[in-house]
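One-letter residues, chain by chain:
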Amino acid sequence: MRKCSLEKLDSVFAEIANSFKLYLPVDDKDGKAKYSEWAEGVKWSNALNTVRSPKDFFFPQTEDLMGFKCSGKNIEIIDTRNESEDFVVFGVRACDVKSFDILDRVFLKDPVDSYYSNRRDHGIIISVACTRPAETCFCHTFGIDPTEPAGDISVWKTDSEVFWQSNTEKGAALLEKLQALTEECDADAVNDQKEKVSAIMKKLPLAGLTADKFGAGKTKELFDAPEWDSLSEACLGCGTCTFICPTCQCYDIKDFNTGKGVVRFRCWDSCMYSEFTKMSAGQPRLTQKERFRQRFMHKLVYYPENNDGLFSCVGCGRCLAKCPISMNIVKVMKTIGGKENE
Amino acid sequence: MQKITREQLIDKAVSLLSDGTVECVLGWEKGQFDYDITPAVFNDENELRENFVWNDFCGANFSKYLVSKTRKCNGKMLVFLKPCDTYSFNQLLTEHRFDREKVYAVGIPCEGMADIDKIKAACGDGIISIDASGDKLNVHTLYSDEPISVSAESVFAERCMNCKSKKHVAYDELLGEDGDVIESHRFDEVAEIEAMTPDERFAFWQNELSRCIRCNACRDACPACTCEKCVFDNPNSGVENKAAANSFEEKMFHIIRAFHVAGRCTDCGECSRVCPQHIPLHLLNRKFIKDINSFYGDYQAGAEVGTRAPLVDYTTDDLEPGEVFERGGDNA
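Chains as they are written, first to last, in our numbering: chain A, 1 to 342; chain B, 1 to 332.
Source of the hints: derived by calculation from the structure; they are not laboratory data.
Bear in mind that the values here come from a model prediction, so they are computed numbers and not experimental data.
All clues stand as given, with none of them false.
30 Å max Cα-Cα, derived BS3-like pairs, lysine-lysine: (1) K229(B) with K76(B); (2) K218(A) with K202(A); (3) K34(A) with K118(B); (4) K287(B) with K118(B); (5) K21(A) with K43(A); (6) K331(A) with K30(B); (7) K29(A) with K290(B); (8) K136(B) with K3(B); (9) K289(A) with K102(B); (10) K76(B) with K102(B); (11) K251(B) with K29(A); (12) K118(B) with K29(A); (13) K334(A) with K118(B); (14) K30(B) with K203(A); (15) K118(B) with K43(A); (16) K118(B) with K202(A); (17) K21(A) with K170(A); (18) K30(B) with K218(A); (19) K260(A) with K251(B); (20) K32(A) with K118(B); (21) K76(B) with K12(B); (22) K157(A) with K29(A); (23) K72(B) with K334(A); (24) K278(A) with K229(B); (25) K287(B) with K34(A); (26) K72(B) with K289(A).
So here's chain A without its partners, still in its complex pose:
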């Protein structure tokens, strides 16, 4: 483990930015954190997390997949990809780091999504341990320890120092470049912090939340639960939950007529939308209740079924904070998960 003083952090950022594009959570003018590129004078946000998740780095909201240029009877296919440089994302919380694993299992499974894998290969993740979890946090429900975030490098920030621990070859290589700005140290301060934060985690309002009622093989038991009616009653059918979610991965592919050719692009889609997965026979889920159920069954039952029991929620709490009607996965888990979850 290595450390540097908090004052030196800007020099560390500058050193990283010498070799890579460096992104980190930065407050906008309204005090909301979003991932922005670091430059001299840019300050790392104190916010617990960003409004949007970091999934954009690997799975952006829109991206061009390819172009078609037509001349006479010939169609030329153009590869529109232009990303070939390594980049660093600093300040990713444990929950969001875990979301990359969940996305990997979708996009890196055969057939590999080369757009996604290209960005994953070029991305270096520096995670940061949490010190002040919010009331909306429930990462522990999914076995995530916010004091021990994964990633290529894990970072712990105390009042005066920043501690660095590499977890991968990529991370070790980057930390190597920071030799001159950091010094070898023991893990005492980090262990102290872990202990304190773990104690806070036990006091969180959602500390007792479990996903025991959910998981692989629960489709028949839960699909027709009568509670879906009241849970989905007020759902507006907007896509806020899906778009701020770090693990929602659905997309649509469309062709855009540029006048001179065609650009094939993909964009995030939302199972909350009436046109989601529309086929020639129509949309398979005609009511908002069915669409609402799909989202939660996917995260809590279908995904685990296809991925060795892994849930596709990381408990980041974004949907708890942002749903216009305050309906969310925790309320679903408590209502359908039975009394023991209350």
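Since chain A is already given, all that's left is putting chain B on it; use the hints.
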């Protein structure tokens, strides 16, 4: 702190349920915390006593829900309406969007609703509970031993800081006292934007709208947006866009929406309340309201049922398009 109590509302709902006036109740349901309240339909006294809530976080405007919920209800549905909600209620009635006979509206006074994001900004994360006393909110957090006290007014939602009316313009029954229409400062920020140069104004909206993630929450919460099928959701419309091809498209979506609701928007502020990216969408609508007021005389959508809005009512005194052009110049 709200003057009317939760118990008064529950008692009213229970008596209307038990004498058969209404079949069900559209109200606010408590959540995990004191602030995450969900609109819900309550069917009996037990449900009400257990889960109904009325506090400083009951911002959701129920008027739009009446369009879909009254269709599912055979008898009457009780709905609680804050003063600003009653304008949306009237506007929807003007547009024949729900059956008035199926609704029993109880007007309830509102002292202003809090914006949880402002409370989080003032008190930090880790909010365990929030209680109101007088004009203060006491916020208990994981990270301070003592509750943090903030004045309710300092954490009002924007629309409540610029509250336009404490008067109910529609109800079958009123609980508590009715208030008055208020001289608000709601057009001040519009005037500031009007005073910008075109480049500044473009930069202002570019910055705001570039944050849009096209979640459509603004549209889906808007009581003036009640099309059964939105043109932007219809693949056959040619303008369906789940994603913006470029930054101009976000502006197009929001500007078209503002045009569509012009003259019908009551300025209820739901669009800005629900925006996960804090885009001040209400300013677009207020610009239209301000212009309509100055071109056609003061007009408040939803103040009465059945009025013809200036934009759909031809008179020989109407503004000529040329007059808008003549206002032109740098600030056009």
